[in-house]
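Take the sequences, apply the hints, and build the full model.
2 protein chains.
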Amino acid sequence: MTPPARVPKSTNITWSEGHVTPDRRREILGHGPATIWFTGLSGSGKSTVATQVESILAGRGVNAFVLDGDNVRHGLNSDLGFAPADRAENIRRVGEVCRLFHDAGMIVLTAFISPYRTDRDVVRARHPAGTFFEVFVEAPLDVCEARDVKGLYAKARAGEIPDFSGVSAPYEPPVGAELTLDTDAQTVEESAAAVLTLLEEQGILG
Amino acid sequence: MTPPARVPKSTNITWSEGHVTPDRRREILGHGPATIWFTGLSGSGKSTVATQVESILAGRGVNAFVLDGDNVRHGLNSDLGFAPADRAENIRRVGEVCRLFHDAGMIVLTAFISPYRTDRDVVRARHPAGTFFEVFVEAPLDVCEARDVKGLYAKARAGEIPDFSGVSAPYEPPVGAELTLDTDAQTVEESAAAVLTLLEEQGILG
Numbered sequence: 001m002t003p004p005a006r007v008p009k010s011t012n013i014t015w016s017e018g019h020v021t022p023d024r025r026r027e028i029l030g031h032g033p034a035t036i037w038f039t040g041l042s043g044s045g046k047s048t049v050a051t052q053v054e055s056i057l058a059g060r061g062v063n064a065f066v067l068d069g070d071n072v073r074h075g076l077n078s079d080l081g082f083a084p085a086d087r088a089e090n091i092r093r094v095g096e097v098c099r100l101f102h103d104a105g106m107i108v109l110t111a112f113i114s115p116y117r118t119d120r121d122v123v124r125a126r127h128p129a130g131t132f133f134e135v136f137v138e139a140p141l142d143v144c145e146a147r148d149v150k151g152l153y154a155k156a157r158a159g160e161i162p163d164f165s166g167v168s169a170p171y172e173p174p175v176g177a178e179l180t181l182d183t184d185a186q187t188v189e190e191s192a193a194a195v196l197t198l199l200e201e202q203g204i205l206g
Numbered sequence: 001m002t003p004p005a006r007v008p009k010s011t012n013i014t015w016s017e018g019h020v021t022p023d024r025r026r027e028i029l030g031h032g033p034a035t036i037w038f039t040g041l042s043g044s045g046k047s048t049v050a051t052q053v054e055s056i057l058a059g060r061g062v063n064a065f066v067l068d069g070d071n072v073r074h075g076l077n078s079d080l081g082f083a084p085a086d087r088a089e090n091i092r093r094v095g096e097v098c099r100l101f102h103d104a105g106m107i108v109l110t111a112f113i114s115p116y117r118t119d120r121d122v123v124r125a126r127h128p129a130g131t132f133f134e135v136f137v138e139a140p141l142d143v144c145e146a147r148d149v150k151g152l153y154a155k156a157r158a159g160e161i162p163d164f165s166g167v168s169a170p171y172e173p174p175v176g177a178e179l180t181l182d183t184d185a186q187t188v189e190e191s192a193a194a195v196l197t198l199l200e201e202q203g204i205l206g
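Chains A and B, in that order, are what the protein sequence lines are.
Position one of the first sequence corresponds to residue 1 (the numbering used here), numbered consecutively onward.
Position one of the second sequence corresponds to residue 1 (the numbering used here), numbered consecutively onward.
Each hint can be trusted.
If we take Cβ atoms under 7 Å as the criterion, some of the chain A residues that face chain B in the derived model are:
no., residue
1, H19
2, L29
3, T51
4, S55
5, G61
6, F65
7, R99
Sample of chain B residues at the chain A side, in silico, Cβ under 7 Å:
no., residue
8, R24
9, T51
10, L76
11, R99
Distance windows between CB atoms, simulated:
no., chain 1, residue 1, chain 2, residue 2, range
12, A, D163, B, P140, 49 to 55 Å
13, A, P173, B, P162, 46 to 52 Å
14, B, P140, A, V175, 55 to 61 Å
15, A, D86, B, D142, 44 to 50 Å
16, B, A125, A, T187, 38 to 44 Å
17, B, P162, A, Q186, 53 to 59 Å
Quick caveat, the hints were computed from the structure, so don't treat them as lab data.
Nothing here was measured: the structure is a model prediction, and the numbers come from that model.
Heads up, the beta-carbon is just placed ideally off N, CA and C, and yes, glycines get one too.
Below, the structure is given as structure tokens:
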């Protein structure tokens, strides 16, 4: 267990460890814990690749789970908007959920634009070494915009969505990503395969 | 999937379903999803029983997970204090985490005082029928106070902790709990066994 990230508001609390060891969880599940953090522009293919990996893993008997920006915002983070502070808090909370899934021994795949390097580094710092994998889903802005699956770029260009990453707000590419996917050149299957290879090489699977 | 609990702040989001079905997750894990929500006074034995159940389940090859008030407050909810609004938000977020674990097919056991009926009902409403189990850990206040494992009652009586459930803030017992444990009369083993029987009878295990 890594120590708490920051000093909590109340001091009337104690830090208690669970009684089921990480080794026992690994034994039960047949794999180690991992957070696969996909980051990239809207339309770059984060959710598509994450869902594909989740599906392939399920086929192999591994119960991984996709945390999706869209879904989390309906529940846990339904009180947050898209202003910079809200974005940071959105990513912080998702990171803490990843940490809880990690402690439960799970493989979790996240699909959030997560445009700020600092926010992603906060999440990385909350994970024990070798269990956090940043995957840069790199596709040129014009490709993402041409795809525009959700019609968001059109709205952003029309000024209907403020602070849209890559258009009217920054996107900071990772500097030390464990993996970079080029979804313009690679198929979804190739991208998913690259993630699985990473998990195998890092000893998470098997 | 149940619909989102409330309308999110942003409308630029869509509700996407995962591709791995609940049935497939059940097949992989060998059990169904469940949230076992322990509620009761400080010192009533919530964490002790929850951890015991987690441990017994691990012995049976079931990878359950305890979400503990103490631990969550170091991470996800480290920005929250103990004022009524913060307490409600604390429980809301934990409930949403339970929902995410539920969607991942997991059995999660929570150990939070969660003194307000309304807050607990919000969490219940976020779970599909038959997957949320409220367990009232009932021990008389004087018994909990005599145990005072963490020395909190002494501090609360000395006025050092404001809003302490059962002393200077209300505790509202459940009205429709799926299970009530009397930790004054029952051993930890007996309490844990009662929870396991509930999980078996409700078709979560096996």
